Amino acid sequence: MGLLSDPNRRKALTNLLTRLNAPICMVCYLAAIVWFMGLAFEPFTLRTYMSENAMGSTMVEERFSSGERALSLAKEFDAHKRKAGGMPVEWLVKAMQARGLEVFTQSFSRKLPFPDENKERYMVRGTNVYGILRAPRAPRTEALVITAPCSPGNSDNQAVGLLLALAQYFRNQIFWAKDIIFLVNEHDLIGMQAWLEGYHHTNITGVKLKNYLMTQFHNWSIQAALSLELSSDVITSLDLILEGLNGQLPNLDLANLFYAFCQKLGVLCTIQGKLQRNDWDTAEGYTHAAQTMMLMVLKQACGRSWGDHGLFLRYHIEAASIRGINGFRHYKMDVATIGRLLEGMVRKLNNLLERLHQSYFFYLLPSLSRFVSIGYYMPAFGLLAVILLLRALDLWVNLGAPALEAVDGVTEAEQPSGPGVLTVLTPVVISHLTGVALYLLPVHLQEMAVEHFPVSETEAVVLTAVAIYTAGLALPHNTQRLLSGEGTEQGWKVLKLTALLYLAVLLGCTALINFSLGFVLAVTLVPITASMTPHMPKALSALAMVLLSPAFTILYCVFIYQELIEAPVSVGEGWMLFLSVISQGILDHALYGSLVYPLLALFIYPCWLMFWNILFWS
Amino acid sequence: MAAPLTLLLIVAVTIRAVLFRSSLAELISERVEVVSPLNAWKRVVEGLALLDLGVSPYSGDVFHETPLMIYLFHFTVDYAEIVFMVSPYFVDCLSCLLASLDRAKIAIGSNNLKSDLLFNFPGCLRHIISFSTCGLNNAIIALFIFCTLKGSALLSGILLALATYQSIYPLTLFAPALLFFLQRLYIPVNLRRSSFWCFTLQYAFIYVGSLVVITGLSFFLLGSWDFIPSVYGFIFSVPDLTPNIGLFWYFFAEMFEHFRLFFICVFQINVFFYTIPLSIKLKEHPVFLIFMQIAIISIFKSYPTVGDVALYMAFLPAWSHLYRFLRNIFLVSCVLLACSALFPVLWHLWIYAGSANSNFYYAITLLFNFGQILLVSDYFYAYLRREHHLTHGLYLKKKDGTEATLVLK
Numbered sequence: 001m002g003l004l005s006d007p008n009r010r011k012a013l014t015n016l017l018t019r020l021n022a023p024i025c026m027v028c029y030l031a032a033i034v035w036f037m038g039l040a041f042e043p044f045t046l047r048t049y050m051s052e053n054a055m056g057s058t059m060v061e062e063r064f065s066s067g068e069r070a071l072s073l074a075k076e077f078d079a080h081k082r083k084a085g086g087m088p089v090e091w092l093v094k095a096m097q098a099r100g101l102e103v104f105t106q107s108f109s110r111k112l113p114f115p116d117e118n119k120e121r122y123m124v125r126g127t128n129v130y131g132i133l134r135a136p137r138a139p140r141t142e143a144l145v146i147t148a149p150c151s152p153g154n155s156d157n158q159a160v161g162l163l164l165a166l167a168q169y170f171r172n173q174i175f176w177a178k179d180i181i182f183l184v185n186e187h188d189l190i191g192m193q194a195w196l197e198g199y200h201h202t203n204i205t206g207v208k209l210k211n212y213l214m215t216q217f218h219n220w221s222i223q224a225a226l227s228l229e230l231s232s233d234v235i236t237s238l239d240l241i242l243e244g245l246n247g248q249l250p251n252l253d254l255a256n257l258f259y260a261f262c263q264k265l266g267v268l269c270t271i272q273g274k275l276q277r278n279d280w281d282t283a284e285g286y287t288h289a290a291q292t293m294m295l296m297v298l299k300q301a302c303g304r305s306w307g308d309h310g311l312f313l314r315y316h317i318e319a320a321s322i323r324g325i326n327g328f329r330h331y332k333m334d335v336a337t338i339g340r341l342l343e344g345m346v347r348k349l350n351n352l353l354e355r356l357h358q359s360y361f362f363y364l365l366p367s368l369s370r371f372v373s374i375g376y377y378m379p380a381f382g383l384l385a386v387i388l389l390l391r392a393l394d395l396w397v398n399l400g401a402p403a404l405e406a407v408d409g410v411t412e413a414e415q416p417s418g419p420g421v422l423t424v425l426t427p428v429v430i431s432h433l434t435g436v437a438l439y440l441l442p443v444h445l446q447e448m449a450v451e452h453f454p455v456s457e458t459e460a461v462v463l464t465a466v467a468i469y470t471a472g473l474a475l476p477h478n479t480q481r482l483l484s485g486e487g488t489e490q491g492w493k494v495l496k497l498t499a500l501l502y503l504a505v506l507l508g509c510t511a512l513i514n515f516s517l518g519f520v521l522a523v524t525l526v527p528i529t530a531s532m533t534p535h536m537p538k539a540l541s542a543l544a545m546v547l548l549s550p551a552f553t554i555l556y557c558v559f560i561y562q563e564l565i566e567a568p569v570s571v572g573e574g575w576m577l578f579l580s581v582i583s584q585g586i587l588d589h590a591l592y593g594s595l596v597y598p599l600l601a602l603f604i605y606p607c608w609l610m611f612w613n614i615l616f617w618s
Numbered sequence: 001m002a003a004p005l006t007l008l009l010i011v012a013v014t015i016r017a018v019l020f021r022s023s024l025a026e027l028i029s030e031r032v033e034v035v036s037p038l039n040a041w042k043r044v045v046e047g048l049a050l051l052d053l054g055v056s057p058y059s060g061d062v063f064h065e066t067p068l069m070i071y072l073f074h075f076t077v078d079y080a081e082i083v084f085m086v087s088p089y090f091v092d093c094l095s096c097l098l099a100s101l102d103r104a105k106i107a108i109g110s111n112n113l114k115s116d117l118l119f120n121f122p123g124c125l126r127h128i129i130s131f132s133t134c135g136l137n138n139a140i141i142a143l144f145i146f147c148t149l150k151g152s153a154l155l156s157g158i159l160l161a162l163a164t165y166q167s168i169y170p171l172t173l174f175a176p177a178l179l180f181f182l183q184r185l186y187i188p189v190n191l192r193r194s195s196f197w198c199f200t201l202q203y204a205f206i207y208v209g210s211l212v213v214i215t216g217l218s219f220f221l222l223g224s225w226d227f228i229p230s231v232y233g234f235i236f237s238v239p240d241l242t243p244n245i246g247l248f249w250y251f252f253a254e255m256f257e258h259f260r261l262f263f264i265c266v267f268q269i270n271v272f273f274y275t276i277p278l279s280i281k282l283k284e285h286p287v288f289l290i291f292m293q294i295a296i297i298s299i300f301k302s303y304p305t306v307g308d309v310a311l312y313m314a315f316l317p318a319w320s321h322l323y324r325f326l327r328n329i330f331l332v333s334c335v336l337l338a339c340s341a342l343f344p345v346l347w348h349l350w351i352y353a354g355s356a357n358s359n360f361y362y363a364i365t366l367l368f369n370f371g372q373i374l375l376v377s378d379y380f381y382a383y384l385r386r387e388h389h390l391t392h393g394l395y396l397k398k399k400d401g402t403e404a405t406l407v408l409k
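Line by line, the protein sequences give chains A and B. Using the numbering used here, the letters of the first sequence map in sequence onto residues 1 to 618. Using the numbering used here, the letters of the second sequence map in sequence onto residues 1 to 409.
The following block holds chain B by itself, in its conformation from the complex:
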């Protein structure tokens, strides 16, 4: 395992280094599919300039990174390229590790390095060189998953707090992480058991405690609470309607102002709501639950980018044993393929040629999200189905002895 992994990493580093140096990087770092107002490197530079001048970086409406992030870049701005180059590796390494881990446990599937390569590169290619801080957020989430899988509750809680601090949405990963530790420590999920509550409180304390510490630290670094409305308010209330691959911008650009609050609640609740039913259904499979949650976040978050999509796509090789149960993979790959070609085309027609309009672009956005949702639900169904086959055998018989088929309704 180690040798191919090292080789893979070396190849990946080279590709990334080359791409960073090419003119492609400049072109791509301007694309709306790749950078969002939250994580554009341009905006970080602006924030740094304001900070150097002694002005609060949040005083304008440009900078929306968290204070810790800006102080990180304040010290590493000269090495920013290296930071960007290295951070996506956590995602890569992790997906490899996860794939191997899973395989060791279940012993299904053959060599997977190739599929790692295939899945990782086209998916991430654009976000790798995008020069956006999305890569760092992904790295934090990847590290969090890694620590969780290694069983370190303390580190996992701290990293989860850090991820939440960065973009709020990873909050929903609390449930799967907790379920994973409970499973690992053989504590049954039972509301009447004291051991359950004991551990839950312990983990929640680590999480909330580190969240408070990080937020407090930001306050002391900056000397004001400016960043709360500017970062979290910005994420929740979606004031920036720059087109992106998400579902928010068009809808809120078209909406009457007095319905705005209501629909913001409706849209935002999507990210958090699915945690409950999924946690109940998948409480025995927290690792898969983490995957589902990450995918849901990347579909329903307010400023999604290709980087977010790449994060959960990077985990697909880990579920290679589900491949034979997938049913819409052809349709989904056609849709995603067509969308990734049509995004730039329609953007060109709308913005540069001026002949198409926003409806064309949004149509593709809708199609893309349809494809993503279909992909996620397909994996979900395949997982449930595999579980069913594991307990009931591969060849199902009806009561009268004829061959049966499973139907999801």
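So that you can see chain A by itself, here it is in the shape it has in the complex:
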């Protein structure tokens, strides 16, 4: 505490921090970037290991062998799906019943706020079919879920086939201590959302359910869920997808389990579609790991669910999606192997005595066998946040606050009274009102926009959002008009102090909930917000500010993502992708309660506008 109570040492420290403020900030920023990039370097990461005792050893003998049957079931399912033009409910119910499951269906309907052009749907009506394999050995208080989607077209038939074959095989085994629910969901996440809400007797997103309460359940707890996505008879490798809604991740033990069984069965496994490499000491090896990690960061940052598993996480259910890839020519495996892998995983999960909680929930994966835990990646964000605090401290000292005054408390005369509350409050309130407009208007004004302009509803929503965003840039001039007096030197300093602290708290909270989002925003917002003053050359800094604004961050993320998945796009395509990302973000918020859109519209964007105001302070 000597540092806090001894005025001389405080003075020295404060002097140091204010004099060397800019260099320290720059060093912090560079250190943050270097630290973050270093996370992908293998010697700095930890090897994954199984923490959960109940799943410790891989002493399970997998016997599943009905791969051929799975494929024929898939063909049958495909034929019935085509005939029914959607979910073949009757056939599926019969097929499940024939395998000794208790079968139920659940109908749901949902009207989207505006048409989803990517998936071409607006009024959604569908049915989920699920069968329960009752545990012969234990009280029915816990359950595991295996899901496969019923998708339009040719995709995911094999997943349903395998699901049915597994159900038949599992039915003949006697060691199940948890009920196993086999679920075929229609309309991917919308169906999944409907099922989860029905199961948990909640209604948070406004899905309309026909039979709202699933009375056959007594709300026992689901311990884990696996979602299958297989679209071809020949599978060369399996991809594990972990990123869920709002960037939530399942317990790392689930990934470990998958990896352990892939090793055991000699199955090629990938994460983010990237194979693992062993040459970490070469430049290519490092780049590969860095790319894998960056992909994870980008996927997590966008806060949407990247597989059907993503919505389970919200209900404390550890879940992951397993996607079959048909891309690496030399390795081939039959469906029976995938069946064995799933059998092994489910049997291990069946052994669980409590929820998966031993391992990490906050992590990044540069490869399947290496992980970066929260303690390692948080400093990267911390270094960025420190910049904001240092700048705030500098301003505070500059403002001549008596607390940190060089003479330590003894100021000469009464300070001229600081800028009125109104000077600072007006920009803050106006910025936030713009944010509220950005949040509310696009969806609510779509009808009016469609009437007056030749655009579709979706375009109307996205373009309204872009328009409001751009209109916000004109604000500073109007704000000035509202203020009676001239903006003083002290005025912008107080405003900037407020805005810096606000941004620091905002980014801190975001980074805790979704590290990737917090970090990506911090990387782009911190440099410009930390250095912004009204005395900089207007045109140049305005350009820099716009180029580092939240919307452009999304645009860059789109390009980097396309680059990383090795599907680079031209500027025009990138722009179209950017628009569709916005519409998806708004839809995700309306349908599943993703928080990224409200966060950006209601908090980050107004905060950025406050700095924009400072630039045009006069």
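Do not take every clue at face value.
[Said to hold, decoys possible] Derived lysine to any residue pairs resembling SDA-like cross-links, with alpha carbons at most 25 Å apart: (1) A/LYS11 to B/GLY354; (2) A/LYS264 to A/ASP279; (3) A/LYS299 to B/GLY354; (4) B/LYS281 to B/SER320; (5) A/LYS11 to B/SER320.
[Unchecked claim] Here chain B is said to cover these stretches of chain A; the calculated rule only asks that three of the stretch's residues, wherever they fall, bring their Cβ under 8 Å from a Cβ of chain B: (6) 389 to 397; (7) 509 to 515.
Source of the hints: derived by calculation from the structure; they are not laboratory data. Keep in mind that this is a model prediction, so the values were computed, not measured. Positions of the beta carbon are idealized from the N, C-alpha and C atoms, including for glycine.
We have chain A; now place chain B onto it with these hints.
Structure of chain B alone, referenced to chain A:
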């Protein structure tokens, strides 16, 4: 003074009435930062239901209010909203009055109504609409301070007894109140003077007498002594380890059972122990001592809520003349600001998302209490420093004539 004060009150009433009606109230009344097992309105309702059925409300492990409180609500349950809406005003009015009183005496500082507004609203906002009986306890303490400052020893003693009866901890306010009356009556604090003992005994008699009367009254109302273990035992032995913004829950959840008694003594003694050194150091400044005591109670009590924090924060404007001597105010406000944002975030991550755990939440609790302690000690130091400057002049010189700085060690 009167006109702005009235205006302020009208604005405050409107804000509160609106907030009470909004859906925010429901959301907030569930937050652990705001309600404790001692004062949750849900529990009061449960106790009332038991009372109506003719069962002792203390027979379960749900209700921990005092008997007088439950009988008060027994008769006013239909008007509970109004009671809750009105009670925080005592705190508000009082802090305004205190600020004005102090200023009149010392004539430092300019207009303070604005800072009253600023300090009161963000601090209290959450506890205002929390619908917890904490507001009533705060009102009693505020009234006690008001009566003390007005010089009415009788009322002050009775209200102090009532506050003690409500939550025990205000017991430590006895010392500053006594010091204040002694100062007011020009009786020196001298153990050998009979006038000192005479007044002390008089005040102690009022206090203890009314405490006995109130406790007796509770006994006769309820017909049993059930409430003693259920209210005071509950406060002292901390059996309910629901997370809150205090320091107790995590520590006692982790502890081996056979150390429990020892550490309960260690933790509880914190509230009472500081009375002695502070009373000796601040015996000339009982009003500031009251502030310090309230702050210490709210930091170290077993079930603290934001309402308790708001009570002492409401007194900060009264010390606006200390502002220029504060040194860590930037750090403290950053810490408190960050904590109030991080509490709900980490709670969400722990309870709803299931990805974080109790350690994360407790880390923020620790940080929050660190901020509070720093704030209180900063004010304490600033007060002492100001006193020093009042007697030695604003510009201090060393013996050799160079400029000197004060160091607190």
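Hint check results:
| no. | hint | result |
| --- | --- | --- |
| 1 | A/LYS11 to B/GLY354 | violated, 44 Å |
| 2 | A/LYS264 to A/ASP279 | holds, 22 Å |
| 3 | A/LYS299 to B/GLY354 | holds, 21 Å |
| 4 | B/LYS281 to B/SER320 | holds, 21 Å |
| 5 | A/LYS11 to B/SER320 | holds, 24 Å |
| 6 | 389 to 397 | holds (count 4) |
| 7 | 509 to 515 | holds (count 3) |
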